[in-house]
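A.B. asks: Given the coordinates of chain A, work out where chain B should sit on it, guided by the hints.
Chain order of the listed sequences is A and B.
According to UniProt numbering, the first sequence is numbered sequentially starting from 1.
According to UniProt numbering, the second sequence is numbered sequentially starting from 1.
Just so you know, the hints here were simulated from the structure itself, not pulled from any lab data.
Identical chains share a label here; the pair holds if one copy fits it or two copies do between them.
The calculated lysine-lysine pairs, modelled on DSS-like cross-linking and capped at a C-alpha distance of 27 Å, are:
#1 LYS60 to LYS231
#2 LYS108 to LYS134
#3 LYS218 to LYS231
#4 LYS108 to LYS163
Computed from a predicted model, the values in this text were never measured in an experiment.
2 protein chains.
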Amino acid sequence: MDNINLGRHISGQFNEDLENVINHVMHMGGLVEKQLSDSLTAVYDADEALAKNVLANDYKINALEVSIDDECTRIIAKRQPAAGDLRLIMAIVKTIADLERIGDEAQKIARVALENFSGEQKALLLNLDNLGRKVLEFLQATLDAFTRMDVDSAVLTHGNDEKIDREYEALMRQLMTYMMEDPRSIPQIMSVIWSARALERIGDRCQNICEYIIYFVKGKDVRHTTAEDIKSL
Amino acid sequence: MDNINLGRHISGQFNEDLENVINHVMHMGGLVEKQLSDSLTAVYDADEALAKNVLANDYKINALEVSIDDECTRIIAKRQPAAGDLRLIMAIVKTIADLERIGDEAQKIARVALENFSGEQKALLLNLDNLGRKVLEFLQATLDAFTRMDVDSAVLTHGNDEKIDREYEALMRQLMTYMMEDPRSIPQIMSVIWSARALERIGDRCQNICEYIIYFVKGKDVRHTTAEDIKSL
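Isolated chain A, as found in the complex:
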């Protein structure tokens, strides 16, 4: 935990509380990352058992959100943190909400693995997988920036969302063209479209988490500001 600048607190117990909660967030992040990775593999390999595993494991992420939230509220009530410590707690409360929603999106992706696709449609799944792997990398970089509370990484990582959005748009155009050419495929392709959308939403949520890191470290709320403004920090 030395790599996070927690500052020095008069109370060693407070430091311990903060370290514990950060460890729990990292554990939650690891689970969410695994859920996304497994959901992508399940779709790629048409692995129904793995997909069902993803669906069955979501409750763990939900439970972590609730318990970390509770932990944060207790720390505020007991330790009455101010300035950077309070910002850290608030950043954590927001981060876990986004992580929980990323878990939900992974479930949506996993459901695609339960559908049947024709050989031709499977080519479209490859493109979904390409997008998915990039989003997974984005999530990994985000969690890495969070672990180190590294504002430079957060700013750099934040910019990934633009690339994800462009790739998502291209995939969406391809999927719409496919549906127009083969209307019978619409139900299957719609499920691919929902997955692509889920991936795009995960990118947005990673971007949110990067903004919370910047808020904690710089004390500046950069939501709803332009990428240029964020870089100029």
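C.D. replies: For chain B alone, kept in the frame of chain A given last:
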């Protein structure tokens, strides 16, 4: 503000802080409600100017989210609230995040008003409007429960989401059938689909806000629990 049981604080200033922040949330809620209502009207009347108005006004909601968030952090740092007061602040922090996202969804809906639809397609927009009006009522009931911090209303209102989801599924089936019958319509219909999805998401967010009200009043986190568990409270 008498209708909210804020309890009695030794510090009158603290009461004033809490009342102020709740007023700001109600103001934000009113704006979000207007944005959703305007976006639905813009689609129904194909009113381009009104749609552009919705798109142009979103920044106000974003700014309110940031300023209320800041206000909450300041109250925590200055007043060191505990128990119910702290739960109220945490519930507000979460509520404004959902309200902000509802504002984003309203923008997505407004964009549909900028598309051109054939006469036949306009019949589908009527069904979108039906769903939209129900979601708007859901939002109004949610904001009303929030204003009064009325846990019974929150529990009752929470149940609305199920009906919204059923209506959304029915509309989605109808839209998919339409696309299969007339593949040239796919680009237009996809934009209706995104709007329907946005409405469904708004329903989920209203449900979240109901859960925060229950959390504040009952001190129990009911996220990820069943509707039956919530009612048994």
